[in-house]
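One letter stands for each residue in the lines below.
Number of protein chains: 2
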Amino acid sequence: MKNGNALKPHDRLAAYLADDMAAVGDLIRERMASKHAPRIPEVTAHLVDAGGKRLRPMMTLASARMCGYDGPYHVHLAATVEFIHTATLLHDDVVDESAQRRGRPTANLLWDNQSSVLVGDYLFARSFQLMTEPGSMPVMRILSNAAATIAEGEVLQLTAAQNLATGEDIYLQVVRGKTAALFSAAMEVGGVIAGADDATVKALFDYGDALGIAFQIVDDLLDYRGEPNATGKNIGDDFRERKLTLPVIKAVAKADTEERAFWERTIEKGKQEDGDLDHALTLLAKHDTLSATQADALDWANKAKAALAPLPDHDVKEMLVDLADYVVSRIS
Amino acid sequence: MKNGNALKPHDRLAAYLADDMAAVGDLIRERMASKHAPRIPEVTAHLVDAGGKRLRPMMTLASARMCGYDGPYHVHLAATVEFIHTATLLHDDVVDESAQRRGRPTANLLWDNQSSVLVGDYLFARSFQLMTEPGSMPVMRILSNAAATIAEGEVLQLTAAQNLATGEDIYLQVVRGKTAALFSAAMEVGGVIAGADDATVKALFDYGDALGIAFQIVDDLLDYRGEPNATGKNIGDDFRERKLTLPVIKAVAKADTEERAFWERTIEKGKQEDGDLDHALTLLAKHDTLSATQADALDWANKAKAALAPLPDHDVKEMLVDLADYVVSRIS
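Keeping their order, the protein sequence lines are chains A and B. Here this note's numbering is used: position 87 in the first sequence is 87, and no number is missing along the way. Here this note's numbering is used: position 58 in the second sequence is 58, and no number is missing along the way.
Where hints are given, some of them may not hold.
Remember, identical chains collapse to one label, so a pair may be satisfied in a single copy or spanning two.
As a list, the in silico EDC-like pairs of lysine to aspartate or glutamate whose alpha-carbon atoms are at most 20 Å apart [as the list claims (entries may be wrong)]:
no., residue 1, residue 2
1, K8, E318
2, K35, D169
3, K254, D288
4, K269, D112
5, K303, D206
6, K35, E168
7, K243, D112
8, K303, D219
9, K254, E168
If you're looking for bench data, these hints aren't it; they were derived computationally from the structure. Since this is a predicted model, take the numbers as computed values, not measurements.
Make the full structure from the sequences, and use the hints.
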């Protein structure tokens, strides 16, 4: 799929939801501040200035709008979702010892790990303050469950990512935690706050879940076949960081004894030498696992679209369908 | 005050609240588990086994009981409070690069910083799940506000602790954040869940706030004059870690030029030599700041007791009054 002059789906959504997105931006800036600790606005301003597409809060706004919500609280929930996301980014960068995020130095590099851990905690707490404001118990349950699932997925990744016994089922669990849980919760709370019926809320959840999984698989695939300029990442970062992702999991499943020894040495033991990445790419090609991974991503994007199919026609619904296509267009 | 054969106040409270405390323990064990990530129960079991007095959840139970609550949800709130506390301990140990906690190796030492950060996040998320269960909006606001105040206090401490410009006002703000916010919230939610009137809830808050401040000042004082066996800490740990606490803040306020240069070198610049701790202790003695710090702790304990004075007589009230005396008895 080519993305020529036509606006990309998330830009169309952003334009459609421009007023709401501006309100979310204002609320985020207001709540990211701190009266007492000057380090907090320093770090959070760095994050806000770095931008990002704000895909997750947009999903909450889109979901609420599609379900006919006309109250003010979708803005609070969208900001909540972005705060949870930002807090996990701060902590992820500490855990991964990252130096770059969105093309800029990470907070842990500019300040220190301490600031990233504690400002992340502050944003988590702020997100929980925000989510109480609409006064909806189901919404609080959905979002606090999502926060627990995210943390659980991140911890699971710690132990599973360098273990060759990790199969596609565990990979999916990690991905559901680290990525899909917030996508699905973001969609779900938009519907719940709008008073949508159970079937609709389930459809919104399923869309977010499948879209999140597609999104993460695409990310993991691009790590092995993207163009550095397009992704802001270098080919093979996950390999160098010994992260077992879907392309390698599929290759390990088909590995002969010698190939298995290679993966044990490079991923499990982390003893990497010059030429190992090239050899890894050769093995992925031999077993055609990049194509198989691509097919999985397309499947999940199709599941996302199928989830929305029963819902009534709506401009936003069309844009969300296009968004699912767009997420996988980077690998098509 | 001697603590001979008579039970200490927190042991009397624990005995009085034994059934409730057992229920809290069960709930904590149940919710600290994780279906998917085996690292989580490993780390949390280490923390639970290490014990600790569970002072904070006991305060919630005591407060609810004193206010006549007979429902089941004080147990959830007590567990919530302990989860928030445990999550902050995990993150504190990463921030402080601690090796020991409650006489045992810390989780960051036994596993790694990654596990401590992410399992801490998991416990935060679990605490927010738990706090939604009673379905009380005011309770959620109090506890999510407390979580934000705690994180804010920790961040403030990062920048304030090595800055000689930090005065007693900023110290108090840090202490309110890192310690008193959870004490006061623990007391407050016990009253709110019991349907206590505003004046009572305010009294409970004030008690927790003052007790938390007394508790932290005692801790900071003992760092300069405790007996190692009694505290599990070595004399001068805060000095070596360049943490500006009340005894030093009072000494800096009275320092002449030469003394100020000493504090700048040892605390701000962290260039410490053999004999510096002894010289620091000499300066604290010269300006009599340990006695002044002790007097402040006693003042706060008295404020805690005064806050409870207007409340009706109750066995629990007596034990809470005794608890305030006990907290400062370690320095009397």
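For this session: Output the numbers, in ascending order, of every earlier hint that fails for this structure.
Result: none
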